[in-house]
Each structure stands twice: as C-alpha cells, then as structure tokens.
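Numbers 1 to 333, taken from UniProt numbering, label the letters of the sequence shown in order.
Incorrect hints may appear among the rest.
[Unchecked claim] Listed below are the simulated SDA-like cross-link pairs for lysine to any residue, each with C-alpha atoms no more than 20 Å apart in a straight line:
{"hint": "1", "residue 1": "Lys120", "residue 2": "Lys230"}
{"hint": "2", "residue 1": "Lys225", "residue 2": "Arg305"}
{"hint": "3", "residue 1": "Lys230", "residue 2": "Tyr278"}
Hints are computed from structural coordinates only; laboratory data are not their basis.
This structure is a prediction, so every number in the text was calculated from the model and none was measured.
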Amino acid sequence: MRHTIIENFECMYSIFVFLWIILDFMFMLNNYSIDRSSKKNDELKLIKSVTNFEDMMEKDLNINNNESNKTPAFGGGKNKKNKKSNYKFKLRSDSKELLPFNINYNKGKYTDQFMSKELKDNMTLTNFNKSILMGSLLSDSHMEKNRNWNPRMRFEHSMKSMDYMFYIYNHLGMLTSGIKPLLMKRKLRNKIFYSLSFRSRQLKCLNFLYDLFYKWDDKSNKYMKTLDIKLFNEFDDIVFAHWIMGDGYKYGNGMRICTDSFDYKSIMLLINMLMIKYDMSPKMIYHSSYKMSYMEKKNLSLKPRISISSSDLKKMKGRLEPHFMSHFLYKMQ
1 MRHTIIENFE CMYSIFVFLW IILDFMFMLN NYSIDRSSKK NDELKLIKSV TNFEDMMEKD
61 LNINNNESNK TPAFGGGKNK KNKKSNYKFK LRSDSKELLP FNINYNKGKY TDQFMSKELK
121 DNMTLTNFNK SILMGSLLSD SHMEKNRNWN PRMRFEHSMK SMDYMFYIYN HLGMLTSGIK
181 PLLMKRKLRN KIFYSLSFRS RQLKCLNFLY DLFYKWDDKS NKYMKTLDIK LFNEFDDIVF
241 AHWIMGDGYK YGNGMRICTD SFDYKSIMLL INMLMIKYDM SPKMIYHSSY KMSYMEKKNL
301 SLKPRISISS SDLKKMKGRL EPHFMSHFLY KMQ
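Based on the sequences and whatever the hints tell you, model everything.
Quick look at the structure:
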C-alpha cells in the first residue's frame with residue numbers, strides 16, 4: 001500500500017512539473033513573437049548589476065526613447081553574428097517590480113534559458129541574496145566547480161521542506177536557467193528518501209562564496225567545505241535565519257544546529273561568531289543518528305553539533321523571526 005502511494009505521488013509530481021514546463025515554454029514563445037515585431041536596431045544591454053536601480057535607469061535614458069510603455073527596457077535586437085545572443089532581459093522601465101538596491105525580491109520569471117557569457121560575467125549579487133546563499137551553504141547546499149570554470153550552486157532539500165525550496169527558488173531564480181526544482185530519489189540505510197533539487201548557472205559572482213566556503217585539502221586531494229575567517233564580516237541575521245531553517249531543530253526548550261559537514265576548526269569559528277555577534281553561549285556537543293553498538297561495530301565517529309540554550313534562543317528570537325518562513329517559526333518557540 002505504501003509503495004503504491006509513493007508511486008502515485010511520483011506520477012502526480014512528474015505531471016505537475018511537465019505542465020509547468022509547457023506553460024513556461026508557451027509564455028516564452030509569446031514574448032518572443034512580441035519582441036520580433038519591435039525595432040530591430042535596439043541595443044543589447046549589458047546589465048552590470050541588478051542591485052543598482054538608479055545607475056541602470058540613468059544609462060538607459062538614451063535607449064528606446066520612442067518605444068511604447070510595453071517595450072522591455074532591456075530588450076535587445078538581433079545580433080547578426082550570433083543569433084543566440086538575442087537574449088531578452090525582460091525588465092520594463094515602467095515596471096513597479098524593479099525595486100531599489102538590496103530589496104529581497106529576485107524572481108526568475110525575468111530570465112530566458114539562454115544567457116550570453118557577457119551577461120553572466122556582469123551579474124552581481126544583492127546583499128539579501130548573498131545572505132540567503134551563505135545561509136544555505138551553511139546547511140544543505142553545496143557548490144560545484146570544474147577546473148577553470150566558474151562555480152555553481154546546488155540546492156537540495158527533503159520533501160518536508162518543499163515550501164522552503166520554492167521560496168529559495170523564487171528569490172534566487174535569476175541565478176538559474178529557468179529549470180524548475182526536480183524530484184530526486186535516493187536509497188539510504190535500506191530506506192527511500194525523496195528530495196527537491198535545482199542548480200544555479202555557472203557565474204563569476206559566485207567565486208567570492210566559493211573562496212569563502214571551500215579550501216584545498218591535501219589529504220583528500222580535493223576542495224572541501226572549510227570556512228574562512230572572512231565569513232565573520234558577512235554573517236548577519238538573514239544568514240543565521242536561513243542556516244537555522246535549513247539545519248536547525250528543536251531540542252527540549254532549546255535548539256541544535258547540524259554541523260556534520262564541517263571540521264572542528266570551522267565549527268569553533270561558527271561558535272565564536274555567535275558569541276560575539278549575538279552575546280550567546282553556544283556549546284559543541286557530539287551526536288549520533290545510530291546506536292552506539294552500531295557505531296562501534298562500523299568504527300564510526302560521533303558528529304559534532306552546536307547546542308543553543310533556551311535563554312539564548314529568547315535573545316535572538318526578535319532579530320531572526322522577521323526573516324523566517326511561517327512554516328519554520330516553531331523552531332524559535
């Protein structure tokens with residue numbers, strides 16, 4: 001019976017994703033046909049930063065002056081040398097959705113699947129989106145980088161966190177190629193687990209985060225997730241909130257945060273940041289998801305985690321709750 005329910009769920013989700021992709025494709029075709037009828041001499045606009053609204057508007061004063069209000073402010077004409085570079089960045093000059101610097105709104109509906117290298121290299125992150133990325137990296141997300149290529153982010157959360165996954169996707173959609181979160185199936189400890197996953201583009205602006213979270217490890221002969229001390233200057237309430245939403249859980253009247261993927265030095269750095277920035281007294285405890293007899297049999301070691309007391313939880317509650325999804329507010333109670 002349980003197996004049948006799981007199969008029905010997979011089928012329904014696949015149909016949902018398929019219909020979503022079809023509707024998105026039809027929307028793209030409609031916009032493309034409208035843009036084809038507009039002027040062919042429009043300039044392809046490079047957007048050096050989506051964080052500086054006034055600067056973008058000033059540079060666009062002399063472009064498309066004779067266009068109607070429905071013409072995209074950053075719509076490009078046809079590039080004869082490279083047809084693929086006919087990329088339409090769908091932001092209108094009269095749109096109320098284009099908001100000033102550092103706003104927490106960055107929908108992916110403005111992007112097409114193709115983006116030229118010039119546009120990708122000139123993209124930058126808002127402080128808000130940078131904080132979301134760092135909080136996500138402290139929890140379940142990770143980065144991928146191949147040799148001299150720019151890095152990309154990979155997000156993955158369990159089905160229980162579906163709302164949070166789409167919240168992340170809606171805010172960081174501009175960093176993706178428009179591909180919706182995919183259903184993943186894994187077997188671990190003879191149990192089947194389902195999760196949602198999506199990846200960002202390979203972007204130059206993500207190198208900063210890669211250097212902040214990854215260091216070369218001679219023992220494993222690869223880059224490992226190891227925190228840099230510079231994270232102290234970037235750590236804020238938004239980072240902390242997303243870290244807890246991703247890896248925090250209630251424990252008695254307090255809270256514990258999973259740090260299984262970090263080494264001892266990185267965990268001590270996190271503890272010191274919490275002590276200095278939030279006047280807290282967190283502790284490092286060791287935890288195991290298995291019985292001790294199984295740990296000894298398999299020669300496994302305990303995993304370190306950060307424990308936060310109920311009194312410290314009350315201290316930071318007022319600062320962090322505004323950045324929480326309502327679905328995760330129970331963690332702060």
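Status of each hint after checking the structure:
Between Lys120 and Lys230 the CA atoms are separated by roughly 25 Å; this puts the pair beyond 20 Å, and the hint is violated. Pair hint Lys225 plus Arg305 holds up; C-alpha atoms about 16 Å apart against a cutoff of 20 Å. The hinted pair formed by Lys230 and Tyr278 meets the criterion: a straight-line CA distance of about 17 Å does not exceed 20 Å.
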